[in-house]
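Guided by the hints, dock chain Y onto chain G, whose structure is given.
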Amino acid sequence: MILPRLRLAAITHSFAHEEVLSGIDLEVAPGTVTALMGESGSGKTTLGRVIAGFVSPSSGTVHLDGKLVAGNGEFLAPELRSVGVVPQEGALFSHLSVAGNVAFGLPQRTGRSGRATRAKRVQECLEMVGLSGFEDRRTYQLSGGQQQRVAVARALAPSPRLVVLDEPFSALDASLRGAVSQQVADALSHVGATALLITHDASEAFRMADSVAVLAAGRIIQSGPPSELYDKPRTLKVAQAGGATVLLNATRHGPLLSTTFGSIPQSQVGYDFGGESGILVLRPRQLRLTPRPEASFRLETIRIDGEYVQACVSDANGDRIELKSLRVSEFESSVRIGDSVSIELLSAASFLARESPA
Amino acid sequence: MQPRALSVPRSALVIALLAAALAVVPLAYLFIQALDAGWERVLQILGRSDVLQLTLRSVGLALVVGLLAGLVGTTTAWLVERSDIPAPGFFHVLVVIPLAVPSYVAAYAWVTWWPVTASFLGATAVLTLTTIPLIHLYVTAVLRGLDPAQEEAARSLGRGPLYVMVHLTVPQVRRAIAAGVLLASLYVLADFGAVAIMRVPVFTWVILGAYRAGFDPSRAAVLAVALVLVSLLFIVSESLARGRGEPTTSARGAIRETVQVPLKTLRPVAVCALILLASISVGFPVASYIYWWFGGRSEVELEEFIRALLTTLTLGGTVAVAAVLVALPLAWVVSRFRGVLSVGAERAVMLAHSLPGIVVALSFVYVGVRVLQPIYQRWPLLVLAEVALTMSLALGVLRAAFEQQPLVLTEVGRASGNSRFFVFVRVTLPSVLPAIAASLAIVAITTAKELPALLLLRPAGSDTLSTRLWAWAGVSDDASVAPYALTLIAFSVLPAFVAARLGRPTRASVMVDRRELV
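Protein chains in written order, with the working numbering: chain G, 1292 to 1649; chain Y, 34 to 551.
Treat the hints as calculated values from the structure; they're not laboratory data.
Hints may be right or wrong, so weigh each one.
As the list claims (entries may be wrong) - Among the chain G residues that face chain Y by a calculated CB cut under 8 Å, a handful are: (1) 1373; (2) 1374; (3) 1386.
Where is the CB? At the ideal position from N, CA and C, for every residue including glycine.
Okay, chain G solo, but in the shape it has when bound (with noise of 0.2 Å):
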């Protein structure tokens, strides 16, 4: 068996009487990426944090490599833990050259050679994230995308057991985010190393992890494959989660789960709390929209947002549904506001949840 680079049982942190981390259990598995996910206010930063060695969790314990480094009365210092950290906005020393900055963590060596060897590894941690020649820089010459990739160089550069990445593309451009998050993934990937990127963007997290964690006040609420999250999701704030979500009323009948666009097997939805009625989740890709003259709804409203179709049917009692997020591709573009439309259940739903959407 393989032995977790961090594994953390029953972590519990308090400020101020206040929980902000509630029974942790979280394993990281050496040379992969787990991405730590959670809405602003989660304690996904805290966690980070503890982890790092910046705050001493209240109970529950921190495992790095099988060795204990917080818990049970002990407590290793940061510096001692070797896990890198790669903040918010970079926090580049702003006195140092980027060289400076990537060498920041390097063994002090003397001696020709001893400096020729921190040269060429502040070389290659560079090279690993594009920024090749930038050595000389002062961090302020950088932009945003570049700071970050010189913090994530200086991460990696004295080889950490871990490295914790505090949501750190959320500072950058839109247009930038994906870009620089594509580029420090394949540093990562090249170098093998062990990640926990701490992120509230889905896709995000989705694209760069092998495995996700979602946190929601304080507690991880499911963990997983990226796929099994996006399929599966066991509560609605992780599908929320994971992405465009269609929300549809359902009750029981027999083996089939009945809505307003027809039934669906029980068995074909991912997780089934087992309840009478529920909220049956599903992603836009499994529901189609299409004219058809003898159809029983007609299209109210329909507006393109990105990728998706935010749509409002009305069926022959005049009742109104709102269909958000429809995939565009499954949308016909023919159809015109007043159409009869037929709306079909594709394929199997994500979940039956029990609780309402917010």
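Leaving out everything else, chain Y in the frame of chain G:
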């Protein structure tokens, strides 16, 4: 916020330029007076060996105090901001509260108990104790401005607290420390009361002596000009050291606490050192004055005290209102219409504030003697001099308040069809009322403690708390000095406390504190 390029209202600009003139024109008269006896005489005065000694002594005292206060003040700031010292908020206040004790009040207590402290070393000790809070506030503000994520990143790279402090924190705050040291040095150069009580012949005391001696009117002016030049050297150095500040980012997103460095066995030592520092700086003088007041026979009659108190309050109030009335349009112009004239006017006002009080006071004496004879040694000229000395305090506070107000508010007001004046009165002014109140208080208290201008320009027979204290100190009547000293300390406790509680003291507030000590 970037001020927009709109036309400056002429009336505001006129007031701004008048403010600048009030600050600068008297200095011109100082130069004229100095040159009155001719260049030969000037060079003769400056060429005397005692002037060289005087310069070396003055600069030496300023630098030694600046460096000592820099060392201690930086350490106390680091202890409060970065170490795991208990109750850091309490200790922060404890380090800053000595701002409430004017340097001459502290100096008198020391000299009275131990006359041997009336020396260069004694002055060094007293002035160091009074300037430590300045450096502490300055460095604390800079440390708080540093992104804690940088220190966390450094620790995560395997570097211990000491390494991080030496290689990351100190290099980033060294400019601020240097600027703080020079600011403290500038304060020492300007100090008059403490050096006079401790009988250290530095510029300020010697200038007053030369002026009072009267037989050589040029000498005081020439020495004052020399002091202006030395001060300018410090002002420029401080400005260069401060630079534009290191571009550091401040962490956003999750609230993070600064990582505290465990002091381990040194923790009780640090606590004791801070308590000792506060005891010497505040506890000792306050206890001394209480002891003298209640233990001795004070010659101060209630009527004399009340008269001095009322004069102080009246003068402080008048100067405060006048300074704010002048500073208000200037602050508005500087914050909204940054141009050569407005920046020049602001710099002129700041210069008068940065120069030693004795120099500015002497300048007004020459203005009074030469062109304003009818009001010489009368209240109006004294008020003008005090306004020149203190208006930059109000300017700093008001300017910061104007800059915090979103420009869009006034734009919306104008867009609704209202005149600029109407918008200023109904929209701009109400939002800076707290700053106006703060400016009034700061200027009034500073004036109450001011000494050189009061000694040189006050009408005959009129006295304030500080001049009465000075008179009783002159005859070494401890019991009679005590009520005045304690009243002045009581006046200053509140602003010192406010300075301590302000999370991030701005440069303006640091300047406030510096002047408060004079």
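Which numbered conditions among the earlier hints are violated in the structure presented, ordered from lowest to highest? none
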